[in-house]
Amino acid sequence: MRFSVLASGSSGNAIFVENDEHQFLVDAGLSGKKLEGLFANINRSMEDLDGIFVTHEHSDHIKGLGVVARRYGIPIYANAKTWQAMDGLIGTVPSDQCFDFDMETVQSFGGLDVESFAVSHDAVDPMFYTFHQNGRKLAIITDTGYVSDRMKGIIRGADAFVFESNHDVGMLQMCRYPWSVKRRILSDVGHVSNEDAAVAMSEVVDEKETRIYLSHLSKDNNMKDLARMSVSQTLETCGIKTGEYVHLFDTDPEEPTKLVTV
Amino acid sequence: MDWNKTKTIFIVVFAILNVFLYSLYLSQHTEARNVQTLNETSIDESLEQDNITYEELPDYPKEMSYVSADISTFPKSELDKYEDQHFVTTDDTILHATLEVPFNVQNAKGDYLLNDFLKEYVPYGEEYLLWEIIEENQFAVFFQKVEEYPIYFNDNAMLIVYWDEKGNITSYDQQHFSEFEHFNKKKDILSPRDVINTLYSRDYLKRDSKVTSVSLGYSTLITLTKTQVFAPTWRVRVELEDGEFEDHFMNAVEGKIIEFKSERDENGEE
Chain A
0 MRFSVLASGS SGNAIFVEND EHQFLVDAGL SGKKLEGLFA NINRSMEDLD
50 GIFVTHEHSD HIKGLGVVAR RYGIPIYANA KTWQAMDGLI GTVPSDQCFD
100 FDMETVQSFG GLDVESFAVS HDAVDPMFYT FHQNGRKLAI ITDTGYVSDR
150 MKGIIRGADA FVFESNHDVG MLQMCRYPWS VKRRILSDVG HVSNEDAAVA
200 MSEVVDEKET RIYLSHLSKD NNMKDLARMS VSQTLETCGI KTGEYVHLFD
250 TDPEEPTKLV TV
Chain G
0 MDWNKTKTIF IVVFAILNVF LYSLYLSQHT EARNVQTLNE TSIDESLEQD
50 NITYEELPDY PKEMSYVSAD ISTFPKSELD KYEDQHFVTT DDTILHATLE
100 VPFNVQNAKG DYLLNDFLKE YVPYGEEYLL WEIIEENQFA VFFQKVEEYP
150 IYFNDNAMLI VYWDEKGNIT SYDQQHFSEF EHFNKKKDIL SPRDVINTLY
200 SRDYLKRDSK VTSVSLGYST LITLTKTQVF APTWRVRVEL EDGEFEDHFM
250 NAVEGKIIEF KSERDENGEE
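Respectively, the protein sequence lines represent chains A and G. Sequential numbering of the first sequence, starting at 0, is according to numbering that gives the first Met the number 0. Sequential numbering of the second sequence, starting at 0, is according to numbering that gives the first Met the number 0.
Note that these hints are calculated values from the structure, not bench results. A few of these clues could be false.
[Claimed, not checked] Calculated cross-link-like contacts (lysine to aspartate or glutamate; reagent style EDC-like; alpha-carbon spacing at most 16 Å):
#: 1; chain 1: A; residue 1: K223; chain 2: G; residue 2: E180
#: 2; chain 1: G; residue 1: K186; chain 2: G; residue 2: E62
#: 3; chain 1: A; residue 1: K218; chain 2: G; residue 2: E253
#: 4; chain 1: G; residue 1: K61; chain 2: G; residue 2: D187
[Stated by the list, open to error] So, partial list: chain A residues that the calculated Cβ filter (under 7 Å) puts toward chain G:
#: 5; residue: G169
#: 6; residue: D224
#: 7; residue: Q232
All residues carry an ideal CB built from backbone N, CA and C; glycine is no exception.
Take these sequences, add in the hints, and give me the full structure.
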């Protein structure tokens with residue numbers, strides 16, 4: 000199983016996952032043109048996609064969804080409430096390309112098992128995914144106000160995490176956002192801060208080689224250096240020294256991460 | 000149909016349309032600029048009406064980065080370089096030094112010799128900048144610098160030098176940061192003019208006052224477990240009508256006004 004975080008942040012999200020038989024995308028939150036460019040950067044083509052798994056209906060996750068699905072005839076997977084919420088947002092997608100992926104279920108695609116799980120975010124029925132193949136596991140979890148024990152149970156022990164590290168609380172408090180927006184971000188249905196993410200990570204990583212991709216960084220209230228520093232130091236207070244078996248990686252709103260094997 | 004005539008008519012019509020659209024664009028652009036000028040002018044007028052003045056504003060870097068640093072410990076090997084001092088450390092990070100041979104804080108002319116003292120007697124002494132001298136209580140406060148910029152009111156970046164009634168420096172308390180790192184991403188900095196306008200519009204500038212200086216430094220934005228992150232910060236020094244001075248501090252990226260509260264204040268200490 001291989002993956003690349005093509006783009007991450009409030010300007011658009013898309014994560015590419017493949018095995019030898021299939022290629023998938025989790026979310027398509029950028030324009031079709033941008034997505035095509037990102038695919039070209041990792042030497043892949045959208046024509047070969049076997050499906051797009053949708054996490055929730057926010058525009059930074061579905062902006063290019065309808066366009067690319069229609070253009071390349073790609074099947075879309077989402078839960079029923081998300082399908083309803085996307086009505087009118089992604090245009091008309093032929094019904095033979097629309098598939099249900101219920102919350103907390105597993106669907107298999109050849110040797111690749113995809114499991115959905117609920118997160119806490121202000122969308123109708125937000126969910127994220129873990130990918131399993133040959134005992135290896137990739138967990139994707141962003142857009143959640145907190146990481147519950149249930150979520151931790153599902154993602155625990157992954158070999159690679161795409162983990163939200165959205166903001167620094169100090170920067171958020173200092174920034175010019177209206178108070179209502181700050182409150183929303185800090186709430187249980189908002190986004191996870193660097194420190195909270197690190198504490199959650201410390202409870203789900205096993206003592207084995209693990210890659211953690213810090214994702215969905217706020218453009219205004221976080222920085223790559225800060226997120227890495229903050230997560231690394233918090234992990235250290237929880238007894239995990241990064242660089243030993245846990246390795247942190249940046250993601251970017253415009254640059255895909257290297258396609259790596261899990 | 001005469002195509003040549005039709006073509007000419009099209010060209011003329013589109014040329015006229017282009018001229019019209021361009022004039023429309025110009026007039027809107029000028030209007031927008033006028034509004035901006037009017038805003039600045041109206042603030043200037045208001046400042047003038049309230050008799051608030053400022054001198055020439057400084058040049059400033061248009062972009063600056065956030066900076067991180069770790070709290071230093073004072074290793075014995077470093078302290079051993081300094082003779083005739085007795086050192087005690089608290090948590091390895093707070094240094095209390097007592098001079099065994101007192102150093103005179105002023106020369107015969109009454110000039111303070113604090114910089115000489117720092118250079119000779121204080122570990123990393125050249126990294127500190129004088130903030131203020133409290134003559135009646137016989138001590139001076141220094142802030143550590145990041146390059147030439149002071150870190151405002153951070154207990155972990157302060158040096159306090161004490162002297163006795165005879166003017167002999169007797170001791171100092173010191174904390175220090177090391178491992179400074181600039182973050183990669185630079186941020187746009189508010190101009191001094193923006194800062195004054197913001198302070199005025201939020202009622203921080205009193206009538207009949209004079210902005211005597213506007214200068215850049217850093218202040219603590221984030222405290223991590225080992226590291227602190229500093230944000231560029233404007234300091235605006237204002238002379239009030241009665242001759243007293245007050246300082247205002249503003250995050251130079253976000254424009255938020257910062258009110259410093261040192262650990263001493265929080266602990267209710269004098």
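Original post:
Does the alpha-carbon distance linking K223 of chain A and E180 of chain G stay inside the 16 Å limit?
Top reply: 13 Å, holds
Subject >> Given hint D187 of chain G paired with K61 of chain G - CA-CA distance at most 16 Å >> reply: Holds, at roughly 6 Å.
Original post:
Is the hint on D224 of chain A kept, meaning its closest Cβ partner in chain G is under 7 Å away?
Top reply: 5 Å, holds
Original post:
Does G169 of chain A pass the interface check with chain G, least Cβ-Cβ distance below 7 Å?
Top reply: 4 Å, holds
**OP:** Tell me if Q232 of chain A is really an interface residue toward chain G, meaning its C-beta lies closer than 7 Å to one of theirs.
**Re:** This interface hint holds because 5 Å falls under the 7 Å limit.
Subject >> Restraint check for K186 of chain G with E62 of chain G, where alpha carbons must lie at most 16 Å apart >> reply: Holds - the C-alpha atoms of E62 of chain G and K186 of chain G are around 5 Å apart, at most 16 Å.
Original post:
K218 of chain A and E253 of chain G: Cα distance at most 16 Å?
Top reply: 13 Å, holds
Taken one by one, the earlier hints all hold for this structure without exception.
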